[in-house]
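Got chain A; can you put chain B on it based on the hints?
The lines below spell out each chain.
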Amino acid sequence: MLVIRRRAGEGFLIGDSIEVDILEIDGNQVKIGIRAPRETSILRREIAATRDTNLDSAQSVEATALEHASKRLRLSPPPKKD
Amino acid sequence: MQSIETARFGTVRFHDQEVIEFPAGLPGFEQEHSFLLIEAAESVPLKFLQSVSSPQLSFVCAPIALVSPSYELMLPRQDRDLLAMPPEGAPSGMILEWLAILCFARPEEPTANLLGPVAIRRDVGLGVQSIREDARYSARQPLFSTTIAEEQTVCS
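As they're listed, the protein sequences go chains A and B. If you're matching positions, the first sequence starts at 1 in my numbering and goes up one per residue. If you're matching positions, the second sequence starts at 1001 in my numbering and goes up one per residue.
Honestly, the hints are just simulated from the structure, not real lab data. One should not assume that every hint holds.
Claimed, not checked - Among chain B residues calculated to face chain A with C-beta under 8 angstroms, some are:
id : residue
1  : P1027
2  : S1043
3  : L1075
4  : A1105
5  : P1107
6  : Q1129
All C-beta atoms, glycine included, are put in the ideal place defined by N, C-alpha and C.
So that you can see chain A by itself, here it is in the shape it has in the complex (with noise of 0.2 angstroms):
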């Protein structure tokens, strides 16, 4: 992994098309600009996490999977109302 610091106002190069630039620091927060070809995916991690997990998740399921985890969660204790 390239690691790079960088303040507010600057940026860097990714391969000929891709241009990230640093806006605004904002505590723990930084606002980041991505200039990329349209065709090029630009993804927050936990939405890819979750996209590889749906994509895993659309395959079918075998029926006595499906009838064991149904039967552990009919078993498991209600839960609890405040």
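Just chain B now, with coordinates in the frame of chain A:
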């Protein structure tokens, strides 16, 4: 009444008002905007998010409260907008149901996505998969603390 031919349930008949619209689709399925929420007696309490436009596509879900009883619900502003909710408070008559999509990639060790739960407004038929902005939960949270195989060994 409409109907679709599904792999899991065969022919499913439904009214327009049963369709749940996901304006933003789901990550990885951004073009999937219309789903039905189906429950079958033999698989209660599981529910199935069945795509209307792609009949072969369905997601197995479980109520969040059963997967994680102490789960703290949160809805960022942009997801409230997708559910036609005001920035604060709940519209009267709102019925919000929270589900976790389950993954059976390893059939004996199913996992639940607690990083991106699905929030569905049953009263108006809107849904969103809301990705948390904190790092508290995993997208692949084991559903059970022991695997099924281990359990069978203990019981026999």
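Item to complete: Identify every previously stated hint that the structure contradicts and give their numbers, smallest first.
Response: 3
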